[in-house]
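Protein sequences appear in the order of chains F and U. Sequential numbering of the first sequence, starting at 74, is according to the numbering used here. Sequential numbering of the second sequence, starting at -1, is according to the numbering used here.
Any given hint could be a false lead.
In silico EDC-like links for lysine to aspartate or glutamate, alpha-carbon gap of 20 Å or less [claimed, not checked]:
id	chain 1	residue 1	chain 2	residue 2
1	U	K230	F	E354
2	U	K374	F	E83
3	U	K230	F	E127
4	F	K500	F	D546
5	F	K152	U	D366
6	F	K202	U	D332
7	F	K293	F	E253
8	F	K374	F	E127
9	U	K88	U	E287
10	U	K371	F	E169
11	F	K297	F	D326
12	U	K82	U	E48
13	F	K287	F	E329
14	U	K259	U	E287
15	F	K534	F	E443
16	F	K463	F	E478
17	F	K386	F	E253
18	F	K91	F	E253
These aren't lab readings, by the way, just hints derived from the structure by calculation.
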Amino acid sequence: MEWETVIGLEIHAQMATKTKIFSAASTAYGAEPNTQACAVDLGLPGVLPVLNQEAVRMAVKFGMAIEAEVADYSVFARKNYFYPDLPKGYQISQMELPIVGIGHLDIEIDGETKRIGVTRAHLEEDAGKSLHEDFHGLTGIDLNRAGTPLLEIVSEPDMRSAKEAVAYMRKIHELVRYLEICDGNMQEGSFRCDANVSVRPKGQQEYGTRAELKNINSFKFVEKAINIEVERQIDLIESGGTVVQETRLYDADNNETRSMRSKEEANDYRYFPDPDLLPVEITDQLRAQVKADLPELPSVKKQRFMEQYGQDKETAATLTSSRQLADFYETVAKESGCTAKLCSNWVSVNFLGALNKANLEIAETPVNAERLAGLLKRIADNTISGKTAKQVFDSLWESDLTADEIIEQQGLKQITDSGAIEAIIDKIIADNPAQVKQYLSGKDKVFGFFVGQVMKASQGKANPAEVNKMLKDKLK
Amino acid sequence: MHNKTITELAKGLRAKEYSSVELTQAYLDRIKKYQDLNCYITVAEENALEQAKLADSQLASADSALLTGIPIAQKDIFCTQGIKTSCGSKMLDNFIAPYNATVIEKFNADNAVMLGKLNMDEFAMGSSNETSFYGAVQNPWDTDTVPGGSSGGSASAIAARLTVAATGTDTGGSIRQPASLCGITGLKPTYGRVSRFGMIAFASSLDQGGPMARSAEDAAILMQTMAGFDTKDSTSVDRAVPDYSAGLNNSLEGLKIGLPKEFFSQDLNNDIASAIESAINEYKKLGAEVKEVSLPNMKLAIPAYYVIASAECSANLSRYDGVRFGHRCHSPADLNDLYTRSRGEAFGAEVKRRILMGTYALSAGYYDAYYIKAQKVRCLISEDFSRALSEVDVLMGPVSPSTAFDIGEKTDDPIEMYLADIYTIAINLAGLPAMSLPSGFADSKPVGLQVIGNYFSEDRLLNIAHQYQQVTDWHQQTPKGFE
C-alpha cells in the first residue's frame, strides 16, 4: 500500500526581550543557576505577574509577517500541572483567544511553492530546568529560564514529508530572525520544535492517529525523527498493529523514537483565564507602530533582489537568507557602485565562503561591507585583476587595512601601460622561438603558454585583457 | 490611651503627651495581657519598638504623615520582609518573605508602627477564624464565640483594643463579617483600589485588602494610605485617590438608599432585622430617602462564588509543593511522595476541601458546566447591582444572617458555614465597595449594617458611615473586661 505522511509542527521561539515575560529578571543565557530568577519567577507567595509589553509587540510583529489575524483582545490562561521546575504549579500560557490567529507561510520545495497554514501563535512563559546529574540522587532546579517569553507557533497539518517540515521550520527560523524577535539559537534552546506525525493510506481523507515528537532542537534531527517515526508507524500498521495517540521522545543516539506517555496518562491541564492578568488589548496605535517597524520580509526581499539586481533565484535566496547578509550585500553594492554580478559573486561566493570556513556569524566578520566595496572598486577600474583581488581579500581578512593600502603596500597595481607590456611580450617571443613556430603552424593552445609567461614575467600585474590583445597582434 | 482614635493619638504624640515608644509599649502590654484571645500569630515586639523609636524622631517634622508613630497591626496575609508571614497555615509556618507587600511598604512610608501579624482563617478560607493553624480566635464580646473570619484576628484585636486599627482582606466577606460580629467598622474597597502585591492570594479575582477600625473616621485614614495604583499589580486601577477624610462631614440630605428585598427575607433573624431597621430610621432622620430594590440573582451568589473562588484557589495554592519554600515532609521517597505528603500534612481540611472543589470544577468535561456557568452568573449579579445602583446611591442591609456563633458550632457543617457569607459574597462577585458598621446588638452581641456603594465610591461610603456614627454610639461600645 502507498502511504501518505501528515505532519504539523509546534515551534517554540524564544522572544528576544531583555527581561522575562512577567518579571523584570534578565533573560540572558548562561548565568549561574538561579541568579536570574526573582521572587516572581520563584512563585513566592503574594507575587503577581506583570506582562512585558515588548513580548506582545514581538508576537504582533510575527502575526503581521505571516498575514495572520492579530486579535483585538487576547487572554492569558493558567495551564495547571505539577513539576519541580514549574514554580507556580501552573504555566501562564494562552488557550482560547491567542494573540495571533490563522495565518500562512510559503515554502519552496523542489522548485515548487507550497503554502503552509499557521493555526495560531500564542505567548507563554518557559519553565525552569531540572538537572538530574551531580546532585547525589537528588534533582537540582535552575529557574533562570523560568518566565522566559516563548511564542508557540502551531501549524496546520499541511506538511507531507520530513523535507517539507524542515523547509517550513527553516522558513520560520529565517523569519523570526528577520523580524529580530528571536535569536534563533538552537543550541541554547531559543528555537525548538514538537512534531505531530501520522500516516494514512494515500487518498484517504481522514487523518491517521498521530504521535507527538517532543522537543527536537535541530533541523537535522527533525528530519531524522520524522522519518524514523513514519517508518515505525507504517511498519506497525502493516504488521497488523494500530498507532496509539501518545507523546514520543526522539533519541538521537539510537535514531529511534520512544514512548513518553500515552493519551490516557496525559495531564488534564484545567486551563482557565489567569485572574492576575487583564486581557491584552491590541490597540490600533500598536498595530500602526508595529507595521511601520516591520522590515522587508524575506520573500519580498528575494523577489526584489532578482528584479533589481538581476540575480538568479538561488543567488537571491542565498543573499536574502538573513537580514544581515542582505543588508551587507546592499551596502557593498551601494558603496562600490560596481555591477550587481560582481557584487553578487563576491558576497555569495568569496565572502560567504570565507565566513563559513572561519565558522563566523556575519556579525563577527573581520571584513565589513565598506572594506569589501573598496576592493571591488579596484577590480572594476582594472587596478587589479580578479586573481590578485583574491590575494587582497585574504589580506583584508587578516588586517585592518583598506584594499587601496594593501595594493599599494604589496605593489599589486596592475600594469596597464601598453609600452611596458609590449616590452615584456617582445622579450618572451624572442626567448621562445620554438613555441612561436608551433603557434604559427596552427597550434592555438600554445597561446595560453605565452599569456602565462607574460603574466609570470609581470608578476601577475599585467592586465590580462591587454596582454591577450597585444599578443594576438604580435603573433600574427 | 487604648480607647483613643487615630486622630486623637496623633495629636497626643505631637503634643508629647506620650511618645510612640510609650504608646507602642502600652499596646504590647495589652496584647500580652489578653493573649488568650489569640488575636496575634506573631507579636513583632522588637521591630515595633524600633519603628516607634524612629517615628518619635520623625514626629517633630512638619510633613510627617498622620500615621507616624501610630501602632497598627497587619493581617498575616500581607508579606512582611524579615517577619514571618504564615497566612494562618502550617504550610507557611516557616516562611519569611524577602519582600514587603505594597500595602506594608505604604504603611512603612508613613512611619506607622507594626505591632504584629494577626490571626486569620487558613489562607483566608473560613468565616469563623477556626480554620487557622494557630487556633481559634475568641470574640471579646463573648469569648465562647467566634470573631468571624477570615480577618477574625483583626476584628477581635480592634474590639479588644489590642490595636487601634488593622488591615483585613475580603474575598467573600472576610472584612465585613468579622467587623459585624465584633462590633467594629470595616471597609472592603472596590476591586483594584488596593494593591494585591504581596497579599497572599486566595481567589485573585475577588481578593481585596481594606481597613478595619473602630470608626469610619479611622478607617478613612488607613484607606488613604492603602489605596492607589501599583505597577506590580496588573489588576490595580490607575485612578486618582480622593481625600477620604475630606468629605466625612458632608450632609446626607437627599441620599437615596435602596433596600434589596432579598436581604430581608424571612430567614433573617428578627433581632438583627430590627437593628437594621433602626439604623435605616436613623438615616431617614439624617435626610435620606429609602426605597425597595431587587437583586433577583442573589440566590445564585453562593454557588457561583464557591465555584470561582475554589477554582482560582486550586491554582493559586499549587505553588505550595514543598520544593522551594514552606513545609516539606520528612525524607520523601520520590517526587509524588514529596508533593502528596508535604501538601497533605500542611494544609488544613477546609483548604483541602476548596482545592478539591476547584480542581473538580476546572476538570475536563466539567469546566463549562461549572466555571463558565459561574462566570455567567457573576455577570448577571453585577448587572443586578448596576441596575439597582442606577436607581439609588447606596444599598443597605445586614452583613451577616447571625451574630457571633459559638466556637465549634459550625465546624462540622461547611454548608452552614458558607451561608454565613450569604449577604456579603455577591458584592465581591460584582467587585463593589461595601462597609460594615456597628448598628446595635442582638442578644448582647454586635450587629453590623452593610452599606454597598457604586465602584470607587469609598469616600461616599465613609461619609455615610461617619454621619451615622455622629448620631449613634454603637461603634464606641467596649466589650466588658476590655475597657
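Straight-line alpha-carbon gap K88/U to E287/U, limit 20 Å: Given pair K88/U, E287/U is violated - Cα atoms ~50 Å apart, limit 20 Å.
Would the pair K534/F and E443/F pass a check requiring their Cα atoms to be no farther apart than 20 Å? The hint is violated at about 25 Å.
Pair hint K259/U and E287/U, alpha-carbon separation not exceeding 20 Å: 16 Å, holds
Assess, step by step, whether the Cα of K230/U is no farther than 20 Å from the Cα of E354/F, and give holds or violated. 19 Å, holds
20 Å Cα cutoff - pair K500/F, D546/F: Holds. K500/F to D546/F sits at ~15 Å (cutoff 20 Å).
Would the hint linking K287/F and E329/F be met if the CA-CA limit is 20 Å? 13 Å, holds
Can the restraint linking K374/F and E127/F be considered satisfied, given a maximum Cα separation of 20 Å? 26 Å, violated
Compare the distance between the alpha carbons of K91/F and E253/F with 20 Å, and conclude whether the hinted pair is satisfied. 13 Å, holds
Given the proposed pairing of K202/F with D332/U, does the C-alpha separation stay at or below 20 Å? Distance ~18 Å between K202/F and D332/U Cα, so the pair holds.
Hinted pair K297/F and D326/F, Cα distance within 20 Å: The given pair, whose Cα atoms are some 11 Å apart, holds under the 20 Å limit.
Distance restraint between K152/F and D366/U, which requires alpha-carbon spacing of 20 Å or less: 16 Å, holds
Would you check the hint for K82/U and E48/U, treating anything up to 20 Å between C-alpha atoms as holding? Holds - the C-alpha atoms of E48/U and K82/U are around 17 Å apart, at most 20 Å.
Figure legend: structure checked against the earlier numbered hints; hints not met, in rising order: 2, 7, 8, 9, 15 and 17.
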